[in-house]
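In order, the protein sequences belong to chains A and B. By numbering that gives the first Met the number 0, the letter at position 197 of the first sequence is numbered 196, and the numbering carries on one by one without gaps. By numbering that gives the first Met the number 0, the letter at position 37 of the second sequence is numbered 36, and the numbering carries on one by one without gaps.
In short, the hints are calculated from the structure, not lab data. Possibly wrong hints are sitting among the right ones.
As the list claims (entries may be wrong) - Just so you have them, the derived chain A footprint on chain B, three or more residues with Cβ under 8 Å:
| hint | segment |
| --- | --- |
| 1 | 38-48 |
| 2 | 276-282 |
What the hints assert, rightly or not - Partial list, computed: chain B residues near chain A (C-beta under 7 Å):
| hint | residue |
| --- | --- |
| 3 | 183 |
| 4 | 202 |
| 5 | 203 |
| 6 | 247 |
| 7 | 248 |
| 8 | 249 |
| 9 | 252 |
Where is the CB? At the ideal position from N, CA and C, for every residue including glycine.
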Amino acid sequence: MGKRIAAVAVLFCIAVGLVVFTAMDYLRSNPPTLNLAAGHRPGQPVDLTLQTVGTIGFGTHPSWVSYLTRSPDGKWVHTTLWDVPAHTLVHVTIFQYDTGGPLRNQFLGHVLGTVGGTMTLNGKTVSLIDSNAGNGVAHTFTIPTLGIDVPLAANSSTSKNLCGAAPCTPNYVHNVITFSFMSPGVGQYPWQCFLPCGLGYLYGNGGPMQSIGYMDGFMKVVS
Amino acid sequence: MADAVMSPPPAPGAVRSPGVPDGRHHFQWMIGIWLVLMAAGEPIIYFAVGPHVPPGTLTSEATGAQFDFYVLLMLALPVILGVWIYMGYAIWTWRASRGGPEPAVGPYSWGHLGVQVGWIVSTTAIVLSMFVFGTYELAAASGAGGGQGPNPLFTPTAHRILPVQVIAQQWLFTYRYPTFGGFETNQLVIPANTEIAFHVTSLDVIHDFWAYQLGVKADANPDYDNIAYAHTTNQLGNFTVRCDELCGIWHGAMYNTGQVMSVPDFTKWAASTEKELAAATKLLPPFAWTYTPDANGADGGYYPDSNDPYSNVEVYGAQKVKL
């Protein structure tokens, strides 16, 4: 009798352990972090290269819109987590492959918090985009706590060579956006897209808009 | 009378009397200890703790809230001291090792009408007085900084009111200044010694505008103009704005810092910002008290109610604040 009770107790503990392990594993599953601070020399800028795609094309949510980050060795990685050195100029290049529309709040059509308060759009200096005109805005690159906002001009939805799955190559229709900003002191800074691009979700704000690795991420500033 | 309750139990069958069988006046002892601690505690609260009670003195509403907390602290101290002193005295004096009485049964569980009535009357009086005090404080301070909806019940008497629209969205606060051309900015700047009407609304889900040091807190609901008043004092300084309604993944990062400036500095800031943002303001929708996101969901712009082809909601734009 005692052995049977002990066996049941052990099996129960194993079952509970498996459930807890699975839940914790799910909760701790994050995309990889790209360390752009490794080997950084003081005073030198760092480069951050991103792309935005209308559909990621793989993984658990292949139809979701997403950001990707280029690793120092040139590979596109499905992540929105980066480490950058503190008090350093960060040069950002974004290859924007998605279509778009009007911003929910046109205020975010401003370029804010970048060096000179501007960005370049396909080589042209820009400080403001009218998201209700032309192709509109596809996404934004925004770090609210640092006051940084960069609207990413959209491609035409009637274009014939839109990229359908990541990683996209420059052969597809795209816009190139560049800008720079100074990284602040050590800390974790959440960043996000402010154009509600979660198709099929309430007000477009669910799904990829609330998922790390898609349209949200962290910039971790390290010493 | 109270000594009867505090004294050891009478012998079985004996008639209870308000005597002092053990020769000690327990009730008087407790009152004495209570008075000594009150005499020390109330001045400490008044002089040492009081000035540091949140939320501060940047607005009349914050000052009022600080005073209210202050009064509650002063009222709470006698009650909490009374409970603790009785408990401590009883544990020490009537502990079993000193031959204390059986606590669970016997004459001590009979109750005492005088004590019961006294307790009910005094606690009722305290609660009712706090209710009257709280209601008065809410009405006298134009809503005490709370959101009152589009048709506020408690309105300020000031002749000049600066309207500031607070626009919440996942996950950012922005601010529009309708009396300065309707420009929109992510900086909340307000002048000192001025009545401010915060018109709080949302472009998506429910948020909450909590300007902590201003003593202002109002829900931000889509399609709803929630008005909260605050009268800034002469004090200048910064304050924190936080979202206080769980609104999604970056709720915890939905905050920024505002500033109370002198009136000349504010006028200068507003004029220069209006000029600096003139090109961007032209791209904004016309100023309205609420904005309705595109009902199509994704990629929705924001529109004044009257302009949104998808919206059939009530227009609150008629609700004007006298300037």
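| said: Of all the hints numbered above, which does this structure not satisfy? Sort the numbers upward. | reply: 1
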